[in-house]
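A.B. asks: Model the full structure from these sequences, guided by the hints.
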Amino acid sequence: MCFPTPDGCDEELVGPLYARSLGASSYYGLFTTPRFARLHGELACTRCPPPAHQDGTFFGNVNESAVVRHDLHYHFTARYIRIVPLAWNPRGKIGLRLGLYGCPVRHTLLRRRRRHLVPLPARGQPEPVGRVRLQLQDGGERGAPAALRGRPGRLRDARAAGGASAAAHEPGSPIQPRPGHTTVSAGGVLNDQHWHYVRVDRFGRDVNFTLDGYVQRFVLNGDFERLNLDGEMFIGGLVRAAQKNLAYRHNFRGCMENVIFNRVNIADLAVRRHSRITFEGKVAFRCLDPVPHPINFGGPHNFVQVPGFPRRGRLAVSFRFRTWDLTGLLLFSRLGDRLGHVELMLSEGQVNVSIAQSGRKKLQFAAGYRLNDGFWHEVNFAAQENHAVISIDDVEGAEVRVSYPLLIRTGTSYFFGGCPKPATRWGCHSNQTAFHGCMELLKVDGQLVNLTLVEGRRLGHYAEVLFDTCGITDRCSPNMCEHDGRCYQSWDDFICYCELTGYKGETCHQPLYKESCEAYRLSGKTSGNFTIDPDGSGPLKPFVVYCDIRENRAWTVVRHDRLWTTRVTGSSMERPFLGAVQYWNASWEEVSALANASQHCEQWIEFSCYNSRLLNTAGGYPYSFWIGRNEEQHFYWGGSQPGIQRCACGLDRSCVDPALFCNCDADQPQWRTDKGLLTFVDHLPVTQVVVGDTNRSTSEAQFFLRPLRCYGDRNSWNTISFHTGAALRFPPIRANHSLDVSFYFRTSAPSGVFLENMGGPYCQWRRPYVRVELNTSRDVVFAFDVGNGDENLTVHSDDFEFNDDEWHLVRAEINVKQARLRVDHRPWVLRPMPLQTYIWLEYDQPLYVGSAELKRRPFVGCLRAMRLNGVTLNLEGRANASEGTSPNCTGRCAHPRFPCFHGGRCVERYSYYTCDCDLTAFDGPYCNHDIGGFFEPGTWMRYNLQSALRSAAREFSHMLSRPVPGYEPGYIPGYDTPGYVPGYHGPGYRLPDYPRPGRPVPGYRGPVYNVTGEEVSFSFSTHSAPAILLYVSSFVGDYMAVLIKDDGTLQLRYQLGTSPYVYQLTTRPVTDGQPHSVNITRVYRNLFIQVDYFPLSEQKFSLLVDSQLDSPKALYLGRVMETGVIDPEIQRYNTPGFSGCLSGVRFNNVAPLKTHFRAPRPVTTELAEALRVQGELSESNCGAMPRLVSEVPPELDPWYLPPDFPYYHDDGWVAILLGFLVAFLLLGDIWLLLAGSAHPKDAPPHQVWPLAVAKPHGVEKGPSAASIPAAARGE
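So the sequence shown is numbered by full-length UniProt numbering: it starts at 1 and just counts up by one.
These are computed hints drawn from the structure, not numbers from a lab. Remember, it's a predicted structure, so these values are computed and weren't measured experimentally. Keep in mind that a hint or two might mislead.
Stated by the list, open to error - The following label-pair restraints were derived from C-beta to C-beta distances: (1) Gln641 with Met573: 23 to 29 Å; (2) Asp561 with Leu835: 48 to 54 Å; (3) Arg401 with Glu280: 39 to 45 Å; (4) Phe309 with Tyr404: 20 to 26 Å; (5) Arg401 with Trp828: 36 to 42 Å; (6) Asp1110 with Asn1079: 19 to 25 Å; (7) Glu280 with Pro405: 54 to 60 Å; (8) Arg425 with Ala284: 23 to 29 Å; (9) Ala284 with Arg458: 34 to 40 Å; (10) Trp564 with Gln641: 25 to 31 Å; (11) Gln350 with Arg734: 39 to 45 Å; (12) Gly877 with Gln350: 17 to 23 Å; (13) Asp394 with Ala463: 27 to 33 Å.
Said to hold, decoys possible - Straight-line C-alpha distance at most 27 Å; calculated DSSO-like pairs for lysine-lysine: (14) Lys1100 with Lys1045; (15) Lys443 with Lys362; (16) Lys362 with Lys421; (17) Lys504 with Lys525; (18) Lys1045 with Lys1113; (19) Lys504 with Lys541; (20) Lys525 with Lys541; (21) Lys1113 with Lys1100; (22) Lys421 with Lys443.
Don't be surprised by glycine CBs; every beta carbon is placed ideally from N, CA and C.
C.D. replies: The structure is reproduced here in structure tokens:
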């Protein structure tokens, strides 16, 4: 370990750290530690080598006793550890104890210099499994560290090409010379003087290529499953005879260690000079670490200024640099005698030279190409009178010479990497941005700059640079750009170019095309060729299909190369014909994803035969069959069903031979055909057709396959309902570096967790996680911790609540660049990720859907179409009624325990339900409690209908000005619109009470009065007649009245237009003091009437009667106190007024009694204007019994105990004592009875009644008329 100090590092406090493979570390705190310990290097006063690449920062502990453990994702091998404190202890004290955990590593080193080493392993049989692993330190040039060759010339090699590692395999093929050649590249900057771990594992044709922990998986080309490597193995290079098969023929220059092939340590054999190891050239067994002195330029205004020799006639500068940036100032120097200045700058990946002199035209020229590739490049520049020359990397032919009138006098200062601020003070005037990268080996006027003196500020000046280190980071290895996106990087960031990939976004993760033709239909497209992406952001590529778009559905048509007849002869069961079906523009996996996401798929298959059998028997192995999804063999043919080995004719016994199940099984010398549709979607598409009985001289078979046709989307309506605190468990997320989540939710609950996935602890108490939840009724939150602490994104709604029992779409995404969240069509909420963020979204705990871990904060409602990285979770398949979940979105309102009476609206709560009684004249849990009032003689109520109309108009205008939830201008409601359910309305569905997304505003049903009809209902009880029960007046003389005549009968009177209408509601008196109910509904000229429990009667107005009650004015109860002209018949029955009880009064959506008794206190001005009461009016239910006994649901009853609640009785002895006591009393009663019957003479003179017989009572009379009001008043 090394910790550089100003006064040297000669004090040995900690012994040398031997190389070990480290997998974890811990931080301990100690208050008594006074300072950091000074650590020493391997050699006295030598500087540390450049630090290895590190992807993150480790958090320490917060007190002196806690231990913070960090488990590394990839183990690394190190000998030197640099500790860089990044944050100060807020408590003001500092201390450190560090523990590293790992295993000792045994090193067997090989050092090569342009020669090669040739070990000869033992010859053996071809092997299906092969493993090669080694560690290398590249010397800066391309070359092959290891290669293996077999007898037929098959070759496998691992090489470092220009700093990038590559693996090439050629397992061969029996048909063509080189069809099995496979080349895969990984890594970026390997010539960084660090050790790199390379491993190649082969399992048949499957290969895992590992570079520094990053695994790249691929499948070998060719047909061989085994690799015959019984020839030679080369380490460090190849002989010339073997180099003809390699693209890179350079031998490796650098160091290697622990070269192991199939558990044989080749390097160890070489060190021990094994007899079968052959050497060529000089091979050393010790690797000397280079001691470079690079300078790291990483600040916005970084620079290094060194002095030069002034007034010389020749300017000569050289240096080495590496960078990712396209632009940056490399060198600036002002010439002497004020002749001008010289600039070397990096522009578009090449070095531009600019020499400006006063009074002369500026000289500009360029050299090099793509110098921003991250590798070291050497620049040599010289200028003298009338000549300038620049060379890059000493490459022959790359030197650029320019002849131009120049006058050179060297200046006093040279600025590398940028200009200091302010420029006037330093004399460095350049418009170029600062250089970001690394430099080394700076030479000025032929002299190497002593960077040790520069660092000690004893030579020149510098700012915002680091010495003896190069912090360049390869952010494109591994490539974070998905779906073959191209990665371009700079010093502190990278950019993904997604052109021609079919994807977009920061990391090319978001699909550019829709998932199916159905989605194009819903967006208004017509038939044609479209590109679809069935798995969304998944790994499968989009492809082109034909969409046959019709009015009610869209067919997706995928064509292939078997649309025409294929003739087959000469095949047998031992050597069958394999007719592979190659779909246009798509692979089998991509077409299978389309079928898997479709509601219905079909494919026509037709098989014709001449003296050729198809199945022959229903139980034996068939001669011919077809292969579908997942390479599964299927023995049923078109028109038949899965699971039975038959053709279409075998189902209805219509085959040529009734004893067989296919026409072709008759094996006749004439053409027969078996054809039909394959419709089982889980078996489609057809990928191969296997024909095996055409090897006879007269046998022949023909088949053809029509295009695959699919429609529908079964993923979008994969729905589940959560009724109680339930949770679904799925396998953990394995998303690597990017994750996107999308789903629809529908709920009336104020909060709940939609999904959560927790990982193992990465700190003492911290765990990585990802969670999407409804935090409040107006906030949807995407929370996560990927190692940088808790982060959350919130979408807040100001205009409506998310728990409005409508569908809402949630989309969340996180990658190394940013995290974002969107609900419906609201703007995205973005959160940029910190620079140098490296996330690994692979968890080891189950994914919870419907709640957090351990069923905390459960969600109650419906979820559908939940997708993670394009994969749809099968929510319906996990539904279990016993655990509180059910398929489809069905809540308690579908089958309520008790319905909502009197027009009450059932409000779905999924775990329970409530009844909305706002638009009724009743209250109670089921809208079954009457709200009424007792009217004293002379008491009346007036309700101003115009006030209600004005209030409704104001509410309606506010509703129109309010943005509709989920609405976006120009958007056509479709399957992804919240609240839009094509062709389906769930149980209990009704028109909404306010505008919903995707629905027209005229669907609103508020208290707006309809002049073409009325709905009137009420109950009453009285003993007095005549009386006006209900009266509706208007401004034009129209009215409606329900009154009690002098004889006690009930009458309905309408005045619509000029002709009155009178209808006798009852023929018997209703003044019996009993409750009576009246329901009246008018629709134009149709009148529906029901009184009490009598049958519903329908009446029709004559054509002379108008159909509208124009300009309603007021509603009166008990008595009419209207000004102006009143119908004489109404005036006749208006005195002395109603005396009795009225309840449940409702006129359209106006409930005056409920408004009066349930109005909030204090009464508002608007309510006081609308409602007026004269006389004494007290609340009463008029003796009405509720429609049912209200039962409190178990979910709302805090004292509810389930039937299986264990209850243990501990009062058994009390029951025994009570039993004896009751028995004793019964015996005493029996003895008294017997004693009384034995002495009748002791009875009194009047008649004696036995004790066991009750004395008869007289017939009970009903209450008097005078007592009824008092009783009613007391109820």
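A.B. asks: Now tell me, hint by hint, if it's right for this structure.
C.D. replies: Hint check:
no. : hint                             : verdict
1   : Gln641 with Met573: 23 to 29 Å   : 25 Å, holds
2   : Asp561 with Leu835: 48 to 54 Å   : 49 Å, holds
3   : Arg401 with Glu280: 39 to 45 Å   : 41 Å, holds
4   : Phe309 with Tyr404: 20 to 26 Å   : 23 Å, holds
5   : Arg401 with Trp828: 36 to 42 Å   : 55 Å, violated
6   : Asp1110 with Asn1079: 19 to 25 Å : 24 Å, holds
7   : Glu280 with Pro405: 54 to 60 Å   : 55 Å, holds
8   : Arg425 with Ala284: 23 to 29 Å   : 52 Å, violated
9   : Ala284 with Arg458: 34 to 40 Å   : 38 Å, holds
10  : Trp564 with Gln641: 25 to 31 Å   : 28 Å, holds
11  : Gln350 with Arg734: 39 to 45 Å   : 43 Å, holds
12  : Gly877 with Gln350: 17 to 23 Å   : 59 Å, violated
13  : Asp394 with Ala463: 27 to 33 Å   : 31 Å, holds
14  : Lys1100 with Lys1045             : 23 Å, holds
15  : Lys443 with Lys362               : 25 Å, holds
16  : Lys362 with Lys421               : 25 Å, holds
17  : Lys504 with Lys525               : 22 Å, holds
18  : Lys1045 with Lys1113             : 25 Å, holds
19  : Lys504 with Lys541               : 13 Å, holds
20  : Lys525 with Lys541               : 22 Å, holds
21  : Lys1113 with Lys1100             : 25 Å, holds
22  : Lys421 with Lys443               : 24 Å, holds
Violation of the numbered hints given earlier is confined to hints 5, 8, 12; the remaining hints are satisfied by the structure.
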